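J.: These are the residues of each chain, in order.
There are 2 protein chains.
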Amino acid sequence: MIRVGIVGYGNLGRGVEQSVAQQNDMELVGVFSRRDPKTVETVYETTNVYAMDDILSFQDQVDVLVLCGGSKDDLPVQTPQLAKHFNVVDSFDNHAEIPNHFETVGKEVSETTAIISTGWDPGLFSLQRVMMEAILPVGESYTFWGKGLSQGHSDAVRRVEGVKNGVQYTIPSEPSIERIRNGELVELSTREKHVRECYVVLEEGADAKAVEEAIVTMPNYFEPYDTTVHFITEEELQRDHRAMPHGGFVIRGGKTGRDETSQVMEFSLKLDSNPEFTASALVAYARAAARLAKEGDYGVKTVYDIAPKYIARKSNEAMRRDDL
Amino acid sequence: MIRVGIVGYGNLGRGVEQSVAQQNDMELVGVFSRRDPKTVETVYETTNVYAMDDILSFQDQVDVLVLCGGSKDDLPVQTPQLAKHFNVVDSFDNHAEIPNHFETVGKEVSETTAIISTGWDPGLFSLQRVMMEAILPVGESYTFWGKGLSQGHSDAVRRVEGVKNGVQYTIPSEPSIERIRNGELVELSTREKHVRECYVVLEEGADAKAVEEAIVTMPNYFEPYDTTVHFITEEELQRDHRAMPHGGFVIRGGKTGRDETSQVMEFSLKLDSNPEFTASALVAYARAAARLAKEGDYGVKTVYDIAPKYIARKSNEAMRRDDL
Numbered sequence: 000m001i002r003v004g005i006v007g008y009g010n011l012g013r014g015v016e017q018s019v020a021q022q023n024d025m026e027l028v029g030v031f032s033r034r035d036p037k038t039v040e041t042v043y044e045t046t047n048v049y050a051m052d053d054i055l056s057f058q059d060q061v062d063v064l065v066l067c068g069g070s071k072d073d074l075p076v077q078t079p080q081l082a083k084h085f086n087v088v089d090s091f092d093n094h095a096e097i098p099n100h101f102e103t104v105g106k107e108v109s110e111t112t113a114i115i116s117t118g119w120d121p122g123l124f125s126l127q128r129v130m131m132e133a134i135l136p137v138g139e140s141y142t143f144w145g146k147g148l149s150q151g152h153s154d155a156v157r158r159v160e161g162v163k164n165g166v167q168y169t170i171p172s173e174p175s176i177e178r179i180r181n182g183e184l185v186e187l188s189t190r191e192k193h194v195r196e197c198y199v200v201l202e203e204g205a206d207a208k209a210v211e212e213a214i215v216t217m218p219n220y221f222e223p224y225d226t227t228v229h230f231i232t233e234e235e236l237q238r239d240h241r242a243m244p245h246g247g248f249v250i251r252g253g254k255t256g257r258d259e260t261s262q263v264m265e266f267s268l269k270l271d272s273n274p275e276f277t278a279s280a281l282v283a284y285a286r287a288a289a290r291l292a293k294e295g296d297y298g299v300k301t302v303y304d305i306a307p308k309y310i311a312r313k314s315n316e317a318m319r320r321d322d323l
Numbered sequence: 000m001i002r003v004g005i006v007g008y009g010n011l012g013r014g015v016e017q018s019v020a021q022q023n024d025m026e027l028v029g030v031f032s033r034r035d036p037k038t039v040e041t042v043y044e045t046t047n048v049y050a051m052d053d054i055l056s057f058q059d060q061v062d063v064l065v066l067c068g069g070s071k072d073d074l075p076v077q078t079p080q081l082a083k084h085f086n087v088v089d090s091f092d093n094h095a096e097i098p099n100h101f102e103t104v105g106k107e108v109s110e111t112t113a114i115i116s117t118g119w120d121p122g123l124f125s126l127q128r129v130m131m132e133a134i135l136p137v138g139e140s141y142t143f144w145g146k147g148l149s150q151g152h153s154d155a156v157r158r159v160e161g162v163k164n165g166v167q168y169t170i171p172s173e174p175s176i177e178r179i180r181n182g183e184l185v186e187l188s189t190r191e192k193h194v195r196e197c198y199v200v201l202e203e204g205a206d207a208k209a210v211e212e213a214i215v216t217m218p219n220y221f222e223p224y225d226t227t228v229h230f231i232t233e234e235e236l237q238r239d240h241r242a243m244p245h246g247g248f249v250i251r252g253g254k255t256g257r258d259e260t261s262q263v264m265e266f267s268l269k270l271d272s273n274p275e276f277t278a279s280a281l282v283a284y285a286r287a288a289a290r291l292a293k294e295g296d297y298g299v300k301t302v303y304d305i306a307p308k309y310i311a312r313k314s315n316e317a318m319r320r321d322d323l
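Chains as they are written, first to last, in numbering that gives the first Met the number 0: chain A, 0 to 323; chain B, 0 to 323.
Just so you know, the hints here were simulated from the structure itself, not pulled from any lab data. Since the structure is predicted, the reported quantities are computational estimates derived from the model, not experimental observations. Any given hint could turn out to be false.
Think about it this way: if two alpha-carbon atoms lie no more than 27 Å apart in a straight line, the pair counts; the simulated DSSO-like pairs of lysine-lysine are [said to hold, decoys possible]:
no.: 1; chain 1: A; residue 1: 83; chain 2: A; residue 2: 146
no.: 2; chain 1: B; residue 1: 71; chain 2: B; residue 2: 83
no.: 3; chain 1: A; residue 1: 106; chain 2: A; residue 2: 83
no.: 4; chain 1: B; residue 1: 254; chain 2: A; residue 2: 313
no.: 5; chain 1: B; residue 1: 106; chain 2: A; residue 2: 313
no.: 6; chain 1: B; residue 1: 146; chain 2: B; residue 2: 192
no.: 7; chain 1: A; residue 1: 146; chain 2: B; residue 2: 254
no.: 8; chain 1: B; residue 1: 106; chain 2: B; residue 2: 83
no.: 9; chain 1: B; residue 1: 254; chain 2: B; residue 2: 106
no.: 10; chain 1: A; residue 1: 293; chain 2: B; residue 2: 293
no.: 11; chain 1: B; residue 1: 293; chain 2: B; residue 2: 83
no.: 12; chain 1: B; residue 1: 106; chain 2: B; residue 2: 192
no.: 13; chain 1: B; residue 1: 71; chain 2: B; residue 2: 106
no.: 14; chain 1: B; residue 1: 192; chain 2: A; residue 2: 106
no.: 15; chain 1: A; residue 1: 293; chain 2: A; residue 2: 313
no.: 16; chain 1: A; residue 1: 71; chain 2: A; residue 2: 146
no.: 17; chain 1: A; residue 1: 208; chain 2: A; residue 2: 163
no.: 18; chain 1: A; residue 1: 71; chain 2: A; residue 2: 83
no.: 19; chain 1: B; residue 1: 146; chain 2: B; residue 2: 208
no.: 20; chain 1: B; residue 1: 313; chain 2: A; residue 2: 254
no.: 21; chain 1: A; residue 1: 254; chain 2: B; residue 2: 146
Rough simulated footprint, nothing fancy, chain B against chain A, three-plus residues with beta-carbon under 8 Å [claimed, not checked]:
no.: 22; region: 16 to 22
no.: 23; region: 143 to 153
Just the calculated beta-carbon pair ranges, DEER-fashion [stated by the list, open to error]:
no.: 24; chain 1: B; residue 1: 294; chain 2: A; residue 2: 51; range: 55 to 65 Å
no.: 25; chain 1: B; residue 1: 202; chain 2: A; residue 2: 259; range: 33 to 43 Å
no.: 26; chain 1: A; residue 1: 297; chain 2: B; residue 2: 223; range: 28 to 38 Å
Each residue gets a CB set at the ideal place from its N, CA and C atoms; glycine is no exception.
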């Protein structure tokens, strides 16, 4: 059994708790939290909660830690600190900072294995981008996100005067995806890739027309896109917009051979819960971290460094027999 | 530069010749053929053709051989023989025999690297099946093939009395795929997964009704499916049905968490030339074989054993910066 610890307990941590419960080769040691353990309500009653300050005393009881803190403030500090003492995986997703994060973590690991930026983007989508380009070197790759709830854009909507509450969905443009699927190597503007849909609850007496105008003309956030604003009641918002769906597509249109034959590869996700799926990817890579460490393959790594057999529960023999 | 040799020169070998030309870190040493080299017409005039009997004298000039023979008679003999002396990749695709092939090749390799059963199924599809199940252990995976020209079924059509010529396309059932995309964990019968479409040229005086009946009721080949037969002229067949399109889908519908949240992962290929795409996958894994051998990582391997970075042209730094 691979013994797993969870560090940080928000939506992602709750997802990891539930994902570990689905894996028959893993057991959960517990959740490590900066909050008072007595105040933390876990998904399963049987889950142990420990104080973050005590984590070093668990070195012999944990094979791998899944780090579920935020990429802005938590992981840049926690991943290097904890990777010094534990095998870890994180979902650090500040794309521009990944090379730095890789280096920082790399300086701390010696006899542990740290896999950073797992999850789906970065993570599974990154893997697809690299593999597709390796197989079809002549061509274009495209990444689309959605349909998904965007936290940053929802916040922007809620900051508009007259808005009581609201959410924003990013939606990939179907006509553009169809063109790529048909083998066109298109150049797409921002407007052609995604559309944005807002569901807004107005403050009493607010001017709907003015709110809509303020949203659709907001620079960076909405102005570069075709944005639709729907006005709904608070009840409708609570009833219909509390889930955290997400997803997306990586598509490569390639050309092979002297006659430039069209070849299209596509990978897509349609997720009813973004945090639960991200957690499931983290847990699969946690298996890889624990196994690689057991083989003495230490150091900081990304999804590119991990042979697929390390994330699978199955034996190599079973994979060759059943899946190849 | 990685120096590549091609063994066997049919559609797949021609695809490899063209794929290597697209890779800026590879050069083609030549094609090795059992035919008289003087009679072999290559895609590019500059391609060298050598006699298969001379291949052992090229050991110092070749970093990896791409084996393009057939899975029935060629590869079971060639892969173990050649893997003794060269790094090799093959596309051995007799699924039931893969474990045996793996063992046979494994007995011959000592200081070389052999990656078997690359291509797309087995190969890329196999990889997806394993990775999807690792991430979503609770759920169902489905593989659909097509739209694609099936060689075996086309042969069966052509053997029917009254048929002068013909081709058969396997087509995945869109309604079934839609149900899976919507999160249903469906049980699908053979009939519900694929439909078959035949384009038939009749012999002069043949009875169309009788030919159609003979095709759609043919046991194993067509009886278990919904089959449509179109009658066309020889000219139409030559004009519209000479390409070798193929493709398919691997889809996993999974459930995560206490509430059994629906999550769908999908990988698909839409190929205008099946042999050219298969060749491109082989060439990417040929890069991996050459690199692993250089690192001293010898032995027989499958796609499950290969970390994605080994098939990519890019440096690890560039991947982390640009694709993660």
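J.: So, for every hint listed, does it hold in this structure?
T.: Hints versus structure:
Between the alpha carbons of residue 83 (chain A) and residue 146 (chain A) the distance comes to roughly 38 Å, so the proposed pair goes past 27 Å and is violated. Between residue 71 (chain B) and residue 83 (chain B), the direct Cα distance comes to roughly 20 Å. Compliance with the 27 Å bound is thereby established for this hinted pair. Distance restraint check for residue 106 (chain A) and residue 83 (chain A): the Cα-Cα separation of roughly 9 Å lies within the 27 Å cut-off, and the hinted pair is therefore satisfied. Under the criterion of a C-alpha separation no larger than 27 Å, the hint pairing residue 254 (chain B) with residue 313 (chain A) is consistent with the structure, at around 19 Å.
Among the hinted pairs, residue 106 (chain B) with residue 313 (chain A) is consistent with the structure: their alpha-carbon atoms are about 23 Å apart, no more than 27 Å. In summary, the hint linking residue 146 (chain B) to residue 192 (chain B) is supported, as the alpha carbons are separated by about 12 Å, within the 27 Å threshold. Among the hinted pairs, residue 146 (chain A) with residue 254 (chain B) is consistent with the structure: their alpha-carbon atoms are about 19 Å apart, no more than 27 Å. Proximity of residue 106 (chain B) to residue 83 (chain B) is assessed by CA-CA distance (about 9 Å); at most 27 Å being required, the pair is judged to hold.
Between residue 254 (chain B) and residue 106 (chain B) the CA atoms are separated by roughly 41 Å; this puts the pair beyond 27 Å, and the hint is violated. As the CA atoms of residue 293 (chain A) and residue 293 (chain B) are separated by approximately 24 Å, the hinted pair is consistent with the 27 Å bound. Taking the CA atoms of residue 293 (chain B) and residue 83 (chain B), the gap is about 16 Å. The hint holds against a cut of 27 Å. For a cut-off of 27 Å, the pair hint linking residue 106 (chain B) to residue 192 (chain B) is broken: about 39 Å separates their Cα positions.
Restraint check for residue 71 (chain B) and residue 106 (chain B): the C-alpha separation of about 20 Å stays at or below 27 Å, so the hint holds. Of the pairs offered as hints, the one joining residue 192 (chain B) and residue 106 (chain A) is violated, with about 52 Å between alpha carbons and a cut-off of 27 Å exceeded. Between residue 293 (chain A) and residue 313 (chain A) the alpha-carbon distance is near 17 Å, which keeps this suggested pair within the 27 Å criterion. Annotation: proposed proximity of residue 71 (chain A) to residue 146 (chain A) holds, straight-line Cα distance about 24 Å (limit 27 Å).
Straight-line distance between C-alpha atoms of residue 208 (chain A) and residue 163 (chain A) comes to about 15 Å, which keeps the hinted pair within the 27 Å bound. Of the supplied pair hints, the one linking residue 71 (chain A) and residue 83 (chain A) holds, its CA atoms being roughly 20 Å apart against a limit of 27 Å. In summary, the hint linking residue 146 (chain B) to residue 208 (chain B) is supported, as the alpha carbons are separated by about 26 Å, within the 27 Å threshold. Distance restraint check for residue 313 (chain B) and residue 254 (chain A): the Cα-Cα separation of roughly 19 Å lies within the 27 Å cut-off, and the hinted pair is therefore satisfied.
Distance restraint check for residue 254 (chain A) and residue 146 (chain B): the Cα-Cα separation of roughly 19 Å lies within the 27 Å cut-off, and the hinted pair is therefore satisfied. With 4 residues having a beta carbon nearer than 8 Å to a beta carbon of chain B, the region 16 to 22 of chain A meets the requirement of three or more and the stated coverage holds. Counting residues of the region 143 to 153 of chain A whose beta carbon lies closer than 8 Å to any beta carbon of chain B gives 0, which falls short of the minimum of three for the stated coverage. Between residue 294 (chain B) and residue 51 (chain A) the beta carbons are some 40 Å apart, a value that contradicts the proposed interval 55 to 65 Å.
Range check, residue 202 (chain B) to residue 259 (chain A): about 37 Å between beta-carbon atoms, so the 33 to 43 Å window is met. For the pair residue 297 (chain A) and residue 223 (chain B), the beta carbons lie near 52 Å from each other, so the given range of 28 to 38 Å is not met.
Violated hints, in rising order: 1, 9, 12, 14, 23, 24 and 26; the structure is consistent with all others.
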